[in-house]
Amino acid sequence: MSVLKAENITKIYGGKKGAMKVKALDNFSITIENREFVGVMGPSGSGKTTLLNILATIDTPSSGELYINGINPMKLDEKHTALFRRRNLGFIFQDYNLLDTLSLKENIILPLALEKVDPKTIEDKVKDMAEILNINDILNKKPYEVSGGQQQRAAIARALIHNPSIILADEPTGNLDSKASQEVMESLKSLNEERNATIMMVTHDPFAASFCHRIVMIKDGKFFLEIVKGGSRHAFFKDILDSLSLLGGNYNDIA
Amino acid sequence: MTLRDIAYKNIKGNFNRYVMYYLSNTLVVMVFFIFANFIFNPVVSKVGTLGTKGVLAANTMILCEVLILVFTVLFTFYSISTFLKSREKEFGLLSMFGLTKGQIRRYVIYENLIVSTVSVITGLLLGILFSKLFFMAITVIMYLDAEVPFTISLKAVVITILSFIALFQGLSILVTLRIKNNNIAELLKGARVAQEPPKFSIPKTIMAIVFIAIGYTIAVISGAFIILTMFPILLFTVTGTYFLFTQFSVFITTRIKNNKRVLYKGTNIITLSQIVHRLKDNAKVLFIVSILGAVTLTASATVYSTQQSIKYKILLGNPHDISFMEIGEGLNDMSILEEAEEILRKNGHMLRNKNQVLLLRAKNQGELNIKSSKNPYRNPNTEDFYIMSVSDYNNLAEQFKKANITLAQGEVYINSYEFSVMGSKSEKLFINNEYITLGINGETYKFKLSGESIGGVIDVDRYRTNVAIINDKDFEILVANTPKEEQIMYYGYNIEDWERSTAAVDEIASILPDNYNIKFNEKIRTYVDIMQTMSLFLFIGTFVSILFFIATGSIIYFKMFNEIRNDRWEFISLKKIGMAYDEMKQIVSKQSFIVFFMPFVVAFTHSTFAIIALGNLLGDNITLYFLTVAAIYLLFQTLYYVFAKTMYLKQIKSFEI
Ligand SMILES: Nc1ncnc2c1ncn2[C@@H]1O[C@H](COP(=O)(O)OP(=O)(O)OP(=O)(O)O)[C@@H](O)[C@H]1O
Ligand SMILES: [Mg+2]
Chain C
-1 MSVLKAENIT
9 KIYGGKKGAM
19 KVKALDNFSI
29 TIENREFVGV
39 MGPSGSGKTT
49 LLNILATIDT
59 PSSGELYING
69 INPMKLDEKH
79 TALFRRRNLG
89 FIFQDYNLLD
99 TLSLKENIIL
109 PLALEKVDPK
119 TIEDKVKDMA
129 EILNINDILN
139 KKPYEVSGGQ
149 QQRAAIARAL
159 IHNPSIILAD
169 EPTGNLDSKA
179 SQEVMESLKS
189 LNEERNATIM
199 MVTHDPFAAS
209 FCHRIVMIKD
219 GKFFLEIVKG
229 GSRHAFFKDI
239 LDSLSLLGGN
249 YNDIA
Chain U
227 MTLRDIAYKN
237 IKGNFNRYVM
247 YYLSNTLVVM
257 VFFIFANFIF
267 NPVVSKVGTL
277 GTKGVLAANT
287 MILCEVLILV
297 FTVLFTFYSI
307 STFLKSREKE
317 FGLLSMFGLT
327 KGQIRRYVIY
337 ENLIVSTVSV
347 ITGLLLGILF
357 SKLFFMAITV
367 IMYLDAEVPF
377 TISLKAVVIT
387 ILSFIALFQG
397 LSILVTLRIK
407 NNNIAELLKG
417 ARVAQEPPKF
427 SIPKTIMAIV
437 FIAIGYTIAV
447 ISGAFIILTM
457 FPILLFTVTG
467 TYFLFTQFSV
477 FITTRIKNNK
487 RVLYKGTNII
497 TLSQIVHRLK
507 DNAKVLFIVS
517 ILGAVTLTAS
527 ATVYSTQQSI
537 KYKILLGNPH
547 DISFMEIGEG
557 LNDMSILEEA
567 EEILRKNGHM
577 LRNKNQVLLL
587 RAKNQGELNI
597 KSSKNPYRNP
607 NTEDFYIMSV
617 SDYNNLAEQF
627 KKANITLAQG
637 EVYINSYEFS
647 VMGSKSEKLF
657 INNEYITLGI
667 NGETYKFKLS
677 GESIGGVIDV
687 DRYRTNVAII
697 NDKDFEILVA
707 NTPKEEQIMY
717 YGYNIEDWER
727 STAAVDEIAS
737 ILPDNYNIKF
747 NEKIRTYVDI
757 MQTMSLFLFI
767 GTFVSILFFI
777 ATGSIIYFKM
787 FNEIRNDRWE
797 FISLKKIGMA
807 YDEMKQIVSK
817 QSFIVFFMPF
827 VVAFTHSTFA
837 IIALGNLLGD
847 NITLYFLTVA
857 AIYLLFQTLY
867 YVFAKTMYLK
877 QIKSFEI
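Protein chains in written order, with this note's numbering: chain C, -1 to 253; chain U, 227 to 883.
Treat the hints with care, as some may be off.
What the hints assert, rightly or not - Okay, the calculated bits of chain U under chain C, using three or more residues with CB under 8 Å as the criterion: (1) 490 to 501; (2) 795 to 804; (3) 807 to 813.
Hints in this document: simulated from the structure, not taken from any laboratory. Note that the coordinates shown come from a computational prediction; the quantities given were computed from them, not determined experimentally. Where a beta carbon is used, it is the ideal one built from N, C-alpha and C, also for glycine.
Kindly generate the complete structure, drawing on both the sequences and the hints.
Okay, here's the thing in structure tokens:
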């Protein structure tokens, strides 16, 4: 069974009292299998964030079906949606969204604390995560005391610590320079390979995208094309650039 | 677009943030105006016409005006500072766009000018509306000699406008001087840099507990010396409270936080981490609120309980409303009795009881063992007695719903009573003696003491506060041995609606015969006088307390709302990672609960000890009154808490992901 299956998702914004209707997603379908690392790319305004929000159950589609682990979260009430989200999904945001009052460590254990996991297990898990993400030395610092890349790696640890079925990332490298981007992407890659994490990532950055197994391109809310990694990451990077030039829009100047 | 436009738009857009500030200001202006309007009322300013209590009322209100102004300075200063602090990011942006420091200042001053002008205007309008009501209330409470005619004093209007505009503007200029824009990067981070983990010092934490403990201990053991120890107590407790909020609270929450079992449990991790910061950031406000709360609670409880115990005391000492004593029974012209009855009837006061009792005078002749008391201000009269027969006593006891007594020959039962400055606690005086030796008309008699009760069935007077009741046979013998000149006839009256009979009593007092042997006693004028004065204090006190209460509550509310803006994205990200609304509600409830009720708990404990100390001084048990006042206070606090929490949650719910 696929981890995530979205069928014919349409999202229409506005339309009430004279407001212009915007079709942000138009019959879009996507399926993600276990252990996959999928990238979503597309020009600005093509509907990527909208798609991610719908998959993340924090927004509802105008029509279409969504199944995560075979469950349709749209059928749950507010409280159960929240619980479902917290247990099955992990999030990584462009601006990290770590809480300033908490140390990195406390931020990371938040999902486990909410589930009232016992402290011993929590400690073990944090240690394990910090090891992989190489943030051991800064665990007791506050978010504003560390760099953006380090904050993002802490956020990744938080997204993964409760072993979610899928991690949803919205431009995780959007605020980072190339070195920090590379570190973050390496982390995601190793989590995918060593911890079998299933990841879906929205990105603008072809370099970040080259870490994925396959890339889904989206244009004007519709599926545009899909490319699958064949050989090396370098070759995949070139493929991505080529496809982006097909996609048009603001990608032309990168290629 | 001018600066003024930006300021105006900003207020419209940030209505929620301004609304509490605006409402509190309006309220303060309103109360100030109502008081001022009373003080400047032509009738009130013509001091004589209102009688002494009117003058007292006016003076108390002048004092309140000063208090309100001082309080407004504090409140406004604090509100504007918090407000500006929460907007550092906005100022950072404005300076990025090239606004100079001076321009930003002017922008803030415009903004404040708009809000304060609007609040002064609405405050004035509301003040004018409620002035009439206030005048009516004052007239009723004080049974003022002359009705206060309702007028709007131009002077009051001008003074209110000038004081508040000057105050608001002066403060906002002062506060804006603290805006610095030398580091835009810092400003842009806004509140984010302020989140240093709060620190505490161990010595100061210990001092918090030790100082408060010392203060409490002195308060409890001082007894009547509280007047001397009051200042050290205040010093210790206030300093201790300050450390309690700035140090101890951080210490204790940090300790709890260090316990992983507690911290890693559900929403605790967020609640605790945030409350540490919140307590530290709000320590000074919480401190001020606690102290103000303690003062308000203690003061209202004291005024209220003093009123109650004086009332009790007066009623205890005067079972009759009006009484006459004729010294030399049957030897005087007692036509005054008929005249008095006539006056009462003329004034519409029906007689309820009319009693007549024969009394003799006696003096203590033995060594008395008087129960010692803790209170050195006590000085009861234990030497002079009236003698009464037991059947007379029982007749009156029936009428006043007291227990009957039976006495054998040679036995005595004593009604004791003690005058005191404050309504000090009454204690039985003679009960430790087996025998009482009384000198009556030159002879000495020894009676066996069968019992004692506090308060009796006839009015006491300054010369004789105690009544000795003896067997009828003994009494007859004594009467037979006493010449008419030494016998006393007591006439007592109870009238309907006695609390409103001051005019009639005045009239009676004015026609008293010029006869040294006829004595007149009444409780009505003293009673009404004391009750009115106390009610006045209570009324104005309540007014000012409510003002304090709302304003301090607003400060907390105001801080909460500024913080919620800063925490906005935190709540959004929590929502994103799957925190249910119920859980957020839990976090918010716990946090606001602590912030709202911690000051109450501290204020309550402080007041409890103050009341214990005062109880020692007054010698009376005022716990019940205190608890009543505290319960009312708690009720208001709870209402405020629920209101603030609801608004807070509404705001959170509105955050879109
Ligand atoms: N809340 C909203 N109300 C109305 N229209 C919206 C809303 N959110 C997004 N849209 C519109 O839907 C379309 C898709 O927006 P979306 O944010 O999903 O794009 P995106 O691919 O994430 O763009 P970017 O790469 O710039 O982040 C856009 O045309 C946008 O204007
Ligand atoms: Mg987007």
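Right, here's what the structure says about each hint:
For the region 490 to 501 of chain U, the proposed coverage by chain C is satisfied: 9 residues have a C-beta within less than 8 Å of a C-beta in that chain, meeting the threshold of three. Check on the region 795 to 804 of chain U: 9 of its residues sit with their Cβ under 8 Å from a Cβ of chain C, so the three-residue criterion for coverage holds. Counting residues of the region 807 to 813 of chain U whose beta carbon lies closer than 8 Å to any beta carbon of chain C gives 3, which meets the minimum of three for the stated coverage.
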